[in-house]
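Q: Please model the complete structure; the sequences and the hints are all you need to start from.
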Amino acid sequence: MADTGEGKKEEADYKRLHSFPLIRHTDMPEEMRVEAMELCVTACEKYATNNESAAKMIKETMDKKFGSSWHVVIGEGFGFEITHEVKNLLYMFFGGSLAVCVWKCS
Amino acid sequence: MPPKLPVKRHQSQGGTIGSGVKSVHSRISKTISKKRDEDAATEVGEGADEWTSAKTLIKPPDQLELTEAELKEEFTRILTANNPHAPQNIVRYSFKERAYRPISYVDQLAIHFSLDGNLLLRDSDEGRRQSARALLEAELAPVQSTVIEAEETELQEEGSKEDMPAAAAEEAAEGEEPAPPQLREQKLTNQFNFCERASQTFNNPMRERACQMEPPPRATFSATVNQWEIYDAYVGELQKLEKSKEKEKPKATAAKKDEKPRGRKLTSLESQGDDVTKVTKAAKIVERMVNQNTFDDIAQDFKYFEDPADEYRDQEGTLLPLWKFQYDKAKRLAVTAICWNPKYKDLFVVGHGSYDFMKQSRGMLLLYTLKNPSFPEYISSSESGIMCLDIHNDHPYLLAVGFYDGNVAIYNLKKLPLQPSYKSSAMSGKHTDPVWQNELVHSDVIKLSVEGTTMEGPEGLQLQTIGCGTSFDFHKKIDYLFLVGTEEGKIYKCSKTYCSQFLDIFDAHHMAVDAVNWNPYHMKIFISCSSDWTVKIWDHTIKTPMFIFDLNSAVGDVAWAPYSSTVFAAVTTDGKAHVFDLSINKYEAICSQPVVAKKKNKITHVQFNPVYPIIIIGDDRGHVTCLKLSPNLRKMPKEKKGQEVQKGPEVEIAKLDKLLNLVREPADKPEK
Numbered sequence: 001m002a003d004t005g006e007g008k009k010e011e012a013d014y015k016r017l018h019s020f021p022l023i024r025h026t027d028m029p030e031e032m033r034v035e036a037m038e039l040c041v042t043a044c045e046k047y048a049t050n051n052e053s054a055a056k057m058i059k060e061t062m063d064k065k066f067g068s069s070w071h072v073v074i075g076e077g078f079g080f081e082i083t084h085e086v087k088n089l090l091y092m093f094f095g096g097s098l099a100v101c102v103w104k105c106s
Numbered sequence: 001m002p003p004k005l006p007v008k009r010h011q012s013q014g015g016t017i018g019s020g021v022k023s024v025h026s027r028i029s030k031t032i033s034k035k036r037d038e039d040a041a042t043e044v045g046e047g048a049d050e051w052t053s054a055k056t057l058i059k060p061p062d063q064l065e066l067t068e069a070e071l072k073e074e075f076t077r078i079l080t081a082n083n084p085h086a087p088q089n090i091v092r093y094s095f096k097e098r099a100y101r102p103i104s105y106v107d108q109l110a111i112h113f114s115l116d117g118n119l120l121l122r123d124s125d126e127g128r129r130q131s132a133r134a135l136l137e138a139e140l141a142p143v144q145s146t147v148i149e150a151e152e153t154e155l156q157e158e159g160s161k162e163d164m165p166a167a168a169a170e171e172a173a174e175g176e177e178p179a180p181p182q183l184r185e186q187k188l189t190n191q192f193n194f195c196e197r198a199s200q201t202f203n204n205p206m207r208e209r210a211c212q213m214e215p216p217p218r219a220t221f222s223a224t225v226n227q228w229e230i231y232d233a234y235v236g237e238l239q240k241l242e243k244s245k246e247k248e249k250p251k252a253t254a255a256k257k258d259e260k261p262r263g264r265k266l267t268s269l270e271s272q273g274d275d276v277t278k279v280t281k282a283a284k285i286v287e288r289m290v291n292q293n294t295f296d297d298i299a300q301d302f303k304y305f306e307d308p309a310d311e312y313r314d315q316e317g318t319l320l321p322l323w324k325f326q327y328d329k330a331k332r333l334a335v336t337a338i339c340w341n342p343k344y345k346d347l348f349v350v351g352h353g354s355y356d357f358m359k360q361s362r363g364m365l366l367l368y369t370l371k372n373p374s375f376p377e378y379i380s381s382s383e384s385g386i387m388c389l390d391i392h393n394d395h396p397y398l399l400a401v402g403f404y405d406g407n408v409a410i411y412n413l414k415k416l417p418l419q420p421s422y423k424s425s426a427m428s429g430k431h432t433d434p435v436w437q438n439e440l441v442h443s444d445v446i447k448l449s450v451e452g453t454t455m456e457g458p459e460g461l462q463l464q465t466i467g468c469g470t471s472f473d474f475h476k477k478i479d480y481l482f483l484v485g486t487e488e489g490k491i492y493k494c495s496k497t498y499c500s501q502f503l504d505i506f507d508a509h510h511m512a513v514d515a516v517n518w519n520p521y522h523m524k525i526f527i528s529c530s531s532d533w534t535v536k537i538w539d540h541t542i543k544t545p546m547f548i549f550d551l552n553s554a555v556g557d558v559a560w561a562p563y564s565s566t567v568f569a570a571v572t573t574d575g576k577a578h579v580f581d582l583s584i585n586k587y588e589a590i591c592s593q594p595v596v597a598k599k600k601n602k603i604t605h606v607q608f609n610p611v612y613p614i615i616i617i618g619d620d621r622g623h624v625t626c627l628k629l630s631p632n633l634r635k636m637p638k639e640k641k642g643q644e645v646q647k648g649p650e651v652e653i654a655k656l657d658k659l660l661n662l663v664r665e666p667a668d669k670p671e672k
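The listed protein sequences correspond, in order, to chains A and B. Letter by letter, the first sequence follows residues 1 to 106 of UniProt numbering. Letter by letter, the second sequence follows residues 1 to 672 of UniProt numbering.
Watch out, some of these pointers could steer you wrong.
As the list claims (entries may be wrong) - Each computed DSBU-like pair below joins lysine-lysine, with the alpha-carbon atoms no more than 35 Å apart:
| no. | chain 1 | residue 1 | chain 2 | residue 2 |
| --- | --- | --- | --- | --- |
| 1 | A | Lys-8 | B | Lys-245 |
| 2 | A | Lys-46 | B | Lys-245 |
| 3 | B | Lys-359 | B | Lys-303 |
| 4 | A | Lys-9 | B | Lys-240 |
| 5 | B | Lys-343 | B | Lys-96 |
Said to hold, decoys possible - Among the chain A residues that face chain B by a calculated CB cut under 10 Å, a handful are:
| no. | residue |
| --- | --- |
| 6 | Ala-12 |
| 7 | Trp-103 |
| 8 | Ser-106 |
Stated by the list, open to error - Short derived list, chain B residues pointing at chain A, Cβ under 10 Å:
| no. | residue |
| --- | --- |
| 9 | Leu-120 |
| 10 | Phe-221 |
| 11 | Ser-222 |
| 12 | Ala-223 |
| 13 | Glu-229 |
| 14 | Ile-230 |
| 15 | Leu-238 |
| 16 | Cys-339 |
| 17 | Phe-547 |
| 18 | Ile-548 |
Hints listed in this document are in silico derivations from the structure and should not be mistaken for laboratory results. By construction, the Cβ of each residue, glycine as well, lies at the ideal position given by its N, Cα and C atoms.
A: See the structure below:
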């Protein structure tokens with residue numbers, strides 16, 4: 001835990017500082033990871049208020065680009081245990097409050 | 001009439017219907033006229049039953065036996081159609097008369113058995129209709145179209161007869177319908193006299209093949225996320241970033257921090273992989289180590305093994321094969337020249353070419369070291385076959401090479417890759433035929449060619465000889481004096497100072513002289529060998545040979561041992577190496593040993609190592625074999641008690657002189 005931030009300035013600072021995509025866990029190859037990450041960022045920014053649409057967009061785009069059976073979970077708080085094909089998992093945070101988990105498993 | 005009477009009796013009992021009827025008639029007539037009938041009846045009966053009389057009567061087994069009287073007795077019984085079991089006294093209440101009245105009419109019919117038959121008369125309407133229907137059904141499947149056509153025609157007909165009464169139309173249809181089936185009926189096959197045949201074609205056997213691919217590898221991953229976890233992650237990341245910024249300010253690109261170390265590692269690996277030259281030295285050391293391990297036993301033999309069997313042998317010695325040098329690219333090329341490096345005692349040069357003048361191809365110059373028997377140290381290939389080579393005495397990195405095409409080239413081992421640093425050409429006066437032997441004397445190259453000229457490099461000294469020179473050797477001390485062996489077997493003693501004259505001519509051999517060599521110790525003695533199977537030792541002041549050895553095969557090369565004035569080795573084309581020690585045996589070789597595997601393999605050259613007790617032998621398959629001389633082959637004179645063993649060239653000269661004196665005396669006597 002860190003600074004006990006109070007006041008709007010702190011809040012804004014936090015939002016600004018914590019807006020970058022932060023990859024928590026991935027085993028994708030470099031190229032795929034960059035692409036998936038950018039896609040997640042795009043989708044989350046496009047549907048900032050609707051996680052479902054964002055997840056749908058990510059899933060559909062990933063299906064097109066890397067073959068079918070992709071799964072996407074977006075949320076502010078959840079727990080999961082998944083089985084995925086190796087080299088096909090991306091678990092990242094974005095925008096300071098969102099967690100995105102993208103994986104492939106057919 | 002006995003047979004007649006029982007019939008009657010049976011009739012009365014209710015026998016067969018036909019006769020019963022008759023008897024009924026007869027009884028009626030009997031009732032009319034009672035008595036007179038008997039004869040007449042018998043007459044009638046006789047006449048009617050005449051044809052049955054021949055037949056034997058079959059009696060039922062339970063028939064009563066009756067006497068004549070009983071048979072004659074008559075029972076009168078009237079048959080009526082009334083049912084005896086029918087009730088007679090049925091009464092019904094009559095509403096009209098308001099009283100019960102017996103019913104006069106009683107149903108006399110009793111049905112005992114009834115069976116519906118399914119037989120139809122063929123000619124009847126019903127029969128015809130049925131057969132038509134059966135035929136239609138049979139035809140329906142194979143020829144539907146015709147049926148449809150028939151139906152259509154019927155429809156048309158029906159249409160045309162619309163105004164007719166329905167009954168008439170039906171009649172017409174009925175009349176028409178059965179007609180065609182009757183025609184076709186005759187074509188039906190006899191159901192008892194036809195056979196069906198069926199056959200089945202060969203079916204290819206079915207085979208099932210299945211395979212399953214390995215499923216893509218999977219892994220499980222689990223995590224829990226909530227707001228404070230995300231917050232912690234971001235804060236931790238930011239702190240890490242700040243730290244790294246402090247460390248290295250120029251590289252402050254965000255977020256991808258964790259990838260950087262990996263990238264750096266990769267680049268460092270790549271830079272290593274690219275540059276092979278950096279590890280050449282290390283690789284060479286490792287290669288030597290590996291070779292040392294692989295050929296450890298040979299190295300041990302080379303250093304320490306002394307054949308213990310020599311103790312028990314009187315004079316003979318053996319040659320122990322050590323390393324075998326070969327190189328894939330020089331496999332088919334004969335060894336045409338070998339030479340030890342005077343400075344580096346483990347290094348020797350091998351020249352590859354071909355002695356077969358019909359099949360000349362490329363040449364190869366290889367330098368091997370004893371430390372690495374598996375691969376040559378230096379490699380250089382040339383377009384023309386190498387015929388001879390020599391190493392400069394003072395500058396051991398300089399190599400002179402004579403080629404089959406007549407060129408001479410100088411190689412410098414210091415300059416890599418190994419290429420001729422000087423090469424003669426047609427312009428600078430090359431020979432037109434193979435250069436047979438060359439020698440680096442000081443810095444001049446002297447070469448010998450088939451043309452019959454001996455040429456000294458820069459000065460252009462030419463000696464005209466009558467024959468074709470094949471070999472030559474300079475005197476060790478008298479530097480103008482040299483010997484030339486020729487193709488027709490003569491040896492010329494020449495001097496650099498005279499271009500056109502020879503000092504002496506030795507009528508040495510009957511065939512080409514393959515090698516001439518001055519003795520390293522004794523200044524007057526030289527040795528020659530020839531394809532005429534002989535090796536001869538000469539005093540250059542005397543025209544006849546001192547010693548003659550017949551080796552039973554063409555002698556390819558001969559070489560003096562560096563350690564003794566009386567030891568020399570000769571190689572013959574039948575694959576044998578011969579070592580002689582004149583001080584031990586003046587007539588025979590003390591070692592004569594086949595050293596190459598096949599008979600076809602000819603040995604072409606032999607050279608003593610200047611320091612170690614080993615010789616190298618080259619054959620025409622491109623192999624070079626290294627052999628160790630057993631103790632008997634390098635035996636020094638035995639030490640005598642209280643006497644110091646003398647060593648040095650003087651001793652060696654004295655030793656040889658002593659031998660020569662033995663030979664010389666009888667030869668010199670006639671001259672004196």
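Q: Return the numbers of the hints above that this structure violates; sort them in rising order.
A: 3, 5, 6, 9, 16, 17, 18
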